[in-house]
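Student: Sequence:
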Amino acid sequence: MTVVVVGIGNDHRRDDGVGPAVAAALAVGQLPGVRVLTCAAEPTAILDAWDGSALAVIIDAVVGPDAVPGRVRRCTAEDLAVAGGISSHDLSLAQTYELGQALGRAPQRLVVVAIDAADLGHGTGLSPAVAAAVSHAVEVVRAEIIQWSRTGPGGRLAGDPAEESAHQQPQPARRVVDVHRGVST
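Residues 1 to 185 (the numbering used here) make up the sequence shown, in order.
No lab work stands behind these hints, which were simulated from the structure alone.
C-beta: ideal position from N, C-alpha, C; glycine also.
It is possible that part of the hints are untrue.
[Unchecked claim] Computed spacing ranges between beta-carbons, pair by pair:
no. : residue 1 : residue 2 : range
1   : P128      : V28       : 18 to 26 Å
2   : H12       : L37       : 17 to 25 Å
3   : V68       : L103      : 31 to 39 Å
My request is simple: use the sequences and hints to build the entire structure.
Tutor: Next comes the structure, spelled out in structure tokens:
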């Protein structure tokens with residue numbers, strides 16, 4: 001089983017390109033045993049991206065009523081089921097994960113690193129706040145992978161410094177608006 005990191009987004013929609021930007025920064029670091037890729041926010045592309053993985057880390061831009069541009073949030077599949085708010089557009093990530101489970105194509109563990117967006121208009125380049133968050137998002141993803149490598153699919157080690165650093169600043173996603181539809185869920 002593998003670890004896959006998927007940067008979701010569109011480089012031509014300003015901050016929606018943060019997922020691919022974080023993925024590109026991680027790809028440069030050459031994480032052994034980790035596949036790093038990007039895809040559109042289309043459910044079948046996401047299913048293809050994480051198919052066969054033990055751990056999938058999804059990176060995506062989000063907006064919502066409590067959004068703070070550049071804030072990094074971390075949540076799991078369980079959090080998505082409760083919040084129901086982070087969306088990968090056609091289907092929410094929670095729905096895409098449920099579909100993957102039904103088809104036998106879901107990762108054993110799903111973690112979402114969401115970055116609050118400021119500007120989703122047409123154009124290239126990230127807003128200053130979101131660009132500044134890329135390095136923090138990279139560290140959150142790295143900490144998640146390190147933690148996974150220490151504990152594997154069975155769970156987490158209590159008090160592990162990597163676990164603590166992965167949870168210090170990122171906040172769990174609660175209510176988030178789909179960045180492409182502008183619909184609050």
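Student: Hint by hint, note whether the structure agrees.
Tutor: The hints, checked one at a time:
1. With their beta carbons about 21 Å apart, P128 and V28 fall inside the hinted range of 18 to 26 Å.
2. The supplied range of 17 to 25 Å is met by H12 and L37, whose beta-carbon atoms lie about 18 Å from each other.
3. Range check, V68 to L103: about 36 Å between beta-carbon atoms, so the 31 to 39 Å window is met.
Going through the hint list in order, the structure satisfies each hint without exception.
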